[in-house]
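Could you build all of it, start to finish, from the sequences and the hints given here?
Spelled out, the chains give:
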Amino acid sequence: MLIYEKSRKGRGCQLLPKCDVEEYTPDKAHLREEAPKLPQVSEVDISRHYSELSRKAHGVNDGFYPLGSCTMKYNPRVNEKTAALAGFTAIHPLQPEHTVQGCLQVLEEGEKALNEITGMDAFTFQPAAGAHGEFTGLLLIKAYHLANGDTQRTKIIVPDSAHGTNPASAVMAGMSVINVDSDQSGCVDVDKLRQLCESEEGKEIAGLMLTNPNTAGLFDPNILEITDIIHSCGGQVYYDGANLNAIMGIARPGDMGFDCVHLNLHKTFSTPHGGGGPGAGPVGCKEHLAGFLPGKVVRKGEDGALHLVKPEKSLGEMKNFYGNFLVVVKALTYIKTLGAEGIRNASENAVLNANYMMAKLRDKYDIAFDTKICMHEFVMDLSRLLKETGVSAMDIAKGLLDHGIHPPTMYFPLTVHEALMVEPTETESRETLDWAIDVFLSLYEKAYSDPEALHRAPETTPVGRLDEVGAARHPVLRFTEE
Amino acid sequence: MGTYVPDTREEQLELLKEAGLSSMDEMFSMVPDNVRLKEKLNLPDGMSEMEVLKEMEKTASKNTAFRSIFRGAGAYNHYIPSMVESVLSKETLQTAYTPYQAEISQGVLQSIFEYQTGICELTGMDVSNASVYDGATAAGEAVAMCRERKKNKAVVSEAVDPGVIETVRTYCYGNEMELVTVPAKDCRTDMDALKEALDDSTACVLIQHPNYYGNLEDAAKIGEAAHDVKAKFIMSVNPFSLGLIKSPAEYGADVAIGDGQPLGLPLAFGGPYLGFMASTDAMKRKLPGRIVGQTVDGEGKKGYVLTLQAREQHIRREKASSNICSNQALCALAVGVYLSSMGSEGLKQAASLSASKAHYMAGELSGLGFKVISDDFFNEFVTESDKDTAVILEALEEKGILGGLPLDKNRILWCCTEMNSKEDIDEAIEIIKEVC
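Chains as they are written, first to last, in the working numbering: chain A, 831 to 1312; chain B, 357 to 792.
Because the hints were derived from the structure by calculation, they are not lab data.
Quick reminder that beta carbons are idealized off the backbone N, C-alpha and C, glycines included.
None of the hints are false.
Short derived list, chain B residues pointing at chain A, Cβ under 8 Å: (1) 473; (2) 491; (3) 532; (4) 649; (5) 663.
Now the structure itself:
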């Protein structure tokens, strides 16, 4: 039941004191006459309502969440504690600089750490999410080309395995998209890329967006050649940091030839996803792009104090103020906890857990591109299973729900038909992996023995499969009193 | 070194062996040698939880948390009910991903549906999305959604928050819409200049209400002027004011946006906040971002799903209305809890308290010889005086008070909320009196 349906006239909480000055009433032209119909509920009603909602959800701290490409690692509690310190939460964003030295230190230390992890030279924390970071990175590239007088560079190359946000971000940045196909191994087709870049169109290329390891969990072995091809035709290379969790301390985008990156602090650096935000999508870049960064960066002055400085050729503001600051506090807490060794260790175990699961599942499930080794995630292709049993990737996913496992990412990447993309992350123990493997295998058996049961799944959740077509055809997007 | 890897080193080696791998090195064999990092990352060693906490506490203590705040300008020090923090600390709601699997995400989906209902009630609009990053990005997205073939110009009042204008400018730099700003006269949108800026190519007009200087605008008239050239009327509103002030729908807005921070989110050095976006029914398929809708399962049981997804990037890729995928769900949850805790009466009381205190303070400052430039204002106002703003603000700061925002050498933008008692205001006035 909605909190609005629990409303009873006259109920409420007493939260505020009486007015101790003369009461002001706005002019009639502006006075609201009809009050908004907000819930009238007591404190206990509210408390129980949200406890109930909490019971009808599943977070990574509740259980296994191998949602590929989303890096659902455990969200440490100490991060929440540091981000809740009054010395951070009670600070107004427009206070004088000398009264916010602690906040600036968080941004400065955060920038240094991310520079080191990615091999970049500068970072902005202004972007609020991964997609916002992509948009920022592309505007950086745009600003760079325009400053060089390269007004014709308006095309961005995006592999067909890329996240949907990549092409959408390109359009927001005023660029058109050239899709390039993957080769048979699931990586960038280098020959096709070279052909494209060496053609007449090469002069119009602004750059390339790439995730490495890519969305199939494969590290592109030709990465240096790829970035070289793009640079040779005058383009810039953008690193989508969605999969950074595979390579921290192992390899750095800056050393692979990337010019700028965005990171997802809510994936790689353990900050909670909050049911879909707030995240943080800081963007890092090499020196030649740093002068174009948006917002303000933190730099130490000759007076020894930290200052907010607008980069000289800044492209503007991506949002108000300095980004999702408290998310940065959480990520910095995580980086400090792990340290250099712990960070590498996290990536090693993320890749280890994925390889272990893949090895145990590959006898039954087909692995896309038939790789022997994967990075931090792997993609199963259920096309054969669907053909033989009528059980789809969707059915297996829904079957997992009845076992308390959040399903892998479904039907992505688009290059694999019945895809289930599995990313266990490093924070799952052997027992959890073994149990999940058993569940996956039992569902595989069930697809042959009792496919109907999987078509009916889930049966133990608060609701069954919902009518999405009906929801879109006759949208009910808010509660209205009958 | 802290770690969140549960397995011991021995267990890790067992897993490696069972995966058919001889070493970690072999496991990373896909990464070519010429891009492998040869040295350890140059970062400090890890720390125990206790050490980390201490270090972060030390960093936090380098900030000044003012006991009394008279500064707003886009971030407001309002009372946050205890219930908000309590609900936000529920690990399940905090650590869930975007609700892709509706069957086990009803709690998150329902909370967003309730949030959408609250935003519709506050703004009077027909449809709300599930939120975007903040008020400034909401403005950038709103301008983009109003673009039409042959309508490529956005007209923005300079009485809008400069951070919002600059963000809109960046979004327009990206999508190559033309941006024209209209000057403010006496801290209000200049009507004549606005009308001059409007023509058939105008896609939308964006104003802020109450505006950056705290003033109420002649919003209905501005809306009419926009509609006269078939442009959309976007109002960026302080949602907190809507307990007392007319809704954007009543002024004729096509799109209502704003920053949700005043509704239960801490100042937090500027974020995370939340941007809300609501529109008329006619424009709902142009809204960016997630939207939750009500539906039923196979047995007719009511449930909630992400809907109207044909607008979105994961389906449409380069044809999507925006690249946005995440919203600010946990912040939207905070807003939902806030609105339930306050109720209509509470929100009205809080808005009235804030406005009353601001008008009281303006009167007191006027008594000290400050010229109050604003007149018809909500809870923010601008003063002008011969006295150097820096002197006034430093005197306040010395006593642990954050004064208004200096706009230039002589003008200050003040803000009051329900958090400022008469006693606090009187204290500030006394301090100002001493230096003036």
